[in-house]
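Everything in the sequence shown is counted per the working numbering, starting at 20 for the first residue and increasing by one.
It should be emphasised that the hints constitute simulated quantities derived from the structure, not laboratory data.
Hints are not guaranteed to be accurate.
With a straight-line cut-off of 30 Å between C-alpha atoms, the simulated DSSO-like cross-links for lysine-lysine are [as the list claims (entries may be wrong)]:
#, residue 1, residue 2
1, Lys302, Lys274
2, Lys379, Lys344
3, Lys402, Lys445
4, Lys377, Lys445
5, Lys496, Lys462
6, Lys379, Lys462
7, Lys143, Lys168
8, Lys402, Lys345
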Amino acid sequence: MMALFSLARRLQRIHSQILSPFFLQNPATVPSPFPSPLVQQLYLFSLAFHQTFFISSQTPVVTSNFSTLQSLSSQTLNYPFETTPQPNHDPGPQEPALLHLLKRVAHLSSETEAMASLDESGIKATLGLVCSVIWTLREEWRLAFLAFKWGEKWGSSGEKTYELMIWVLGNHRKFNTAWCLIRDLYRSSMDTRRAMFIMIDRYAAASDPCMAIQTFHTMEKFRMSPDEEAFSTLLKALCRYGNIEEAEEIMLVNKKLFPLDADGFNIILNGWCNVLVDVVEAKRVWREMSEYCIIPNATSYTYMISCFSKVGDLFNSLRLYDEMKKRGWDPGIEVYNSLVYVLARENCLNEAYNILKKMKKSGLPPDSATYNAMIRPLCESEKVEEARNILSIMKEENLSPTMETYHAFLHGVGFEGTLEILDCMKAGSVGPTGDTFLFILGKFLKVEQPEHGLKIWAEMKRFEVLPDSRHYVILVKGLATSGWLVKAREYYDEMRSCGFLDDPKIKKLLEEPKQHSGSMRQRGRIEIKRSKQLNERKGKKSGQKKKVNADKR
């Protein structure tokens, strides 16, 4: 413990040294770790204007990778943090024209010419239009920034516009430019509090916990007190993106200013239990709560039970459930969802059904997430029939399948079954989405079935899902590793023509000497033949099982 405090104090001293004396004397100055005239020059959009607008210099920090393992934690793909600005949903009919014009003027030589073209277009700048366009162009920060500057010129910018642009810049690690916008907010006497929260979140997402912590300490320079809400925001941001050790150190170092309580420890617990799923660290924090005389509350038990269930520890999940009730805490639906998950995972379906009955008796009816928690582990274990039975019960309870329900079933079906699920998703108006196809492509290409991968690629067009860089990367890699180098190069060229960045690893993979291409293709055909034979054997086994079950009946 003393070593932990020593490390934390050292970290705190480093943070205080980073703050420049120049900034301490000038609170309105951009609080960059290396203040210089270059920082201010970065704000001048014309410096970067000559670069290609269609290609962002870096991929956004936040990506929405599909994984059914994230089931027990509620995460949104579009808004990964509570301080993420919400886009304006009233853009007006002029948005398509403005988007087209922005991409066209991107090739002009200067910002002045681009602004002149936008002004001459006759499009009227409104707050809703500017916000919507920035959100649409969030992966192309230069275009988004041009739209922001144009809206600012015509007085169609406010705190929400600034916050959204700061979030976009943070996604692309353009933090110096983002700080300049915060400076402008401050000079315009607008509220910078939420913008600072966004910066804390984006630094944490960019794996830069030191700058996230420094931003928290910088708040008072903008005449804001770093209060409990700000401190809680810092801890949550650090934990959400895996910087849990840093969050714990900061919490303990600042215990005199922000007294330790169950809420603070719960933020740390949530990190270990639901972000990294590290049961050893979760147990350690649980013990430390006792050492600091902090009594766990219902949320604490909920997180711990969730953690034990995710690692398949049925005994400790049930033990903590009983202990929670003995201490007078009523288990919420999240606890029951964790229990039915681990029971289904450990082949205790009857006990899982008993939990459902108990929920109903206690006035806590199971919801879609409850049934999904049972369906998912069954599908992952290829027990599709049992999962279908639970789906039938779910429908009898007038609960419609969700996107997560269909994603779970994708684990246990072949190509034809995948197509059926996609049609069901479309009919139920729950997708499919880009993340759905990302998972399916990965599933088939991982076992070197490139022919199925290409058919799924064609299905994306049928479902009106536009591929992004992630889809191209996984397709090209899969085709290349399966020996289909010619096809892989074709789709890599298509990826480049769409404006996506070069991928050095893929480029190296595709630069394999052409004399080996034939052997690679031959190896690919052999692997495809093997995979087909494996699928045929699986099909025969499945048919035999069904015949045995029919005879038993």
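Each hint tested on the structure:
With a C-alpha separation of about 21 Å, the suggested pair Lys302 and Lys274 falls inside the 30 Å cut-off, and the hint holds. Pair hint Lys379 plus Lys344 holds up; C-alpha atoms about 17 Å apart against a cutoff of 30 Å. A hinted pair counts as satisfied when its Cα atoms are at most 30 Å apart, and Lys402 with Lys445 qualifies at roughly 24 Å. Note on Lys377 and Lys445: the hinted pairing is violated, with a Cα-Cα distance of about 34 Å set against a maximum of 30 Å.
Restraint check for Lys496 and Lys462: satisfied, since their Cα atoms lie roughly 13 Å apart, inside the 30 Å limit. At most 30 Å may separate the alpha-carbon atoms for a hinted pair to count; Lys379 and Lys462 exceed this at roughly 37 Å. Between Lys143 and Lys168 the alpha-carbon distance is near 14 Å, which keeps this suggested pair within the 30 Å criterion. Note on Lys402 and Lys345: the hinted pairing is violated, with a Cα-Cα distance of about 35 Å set against a maximum of 30 Å.
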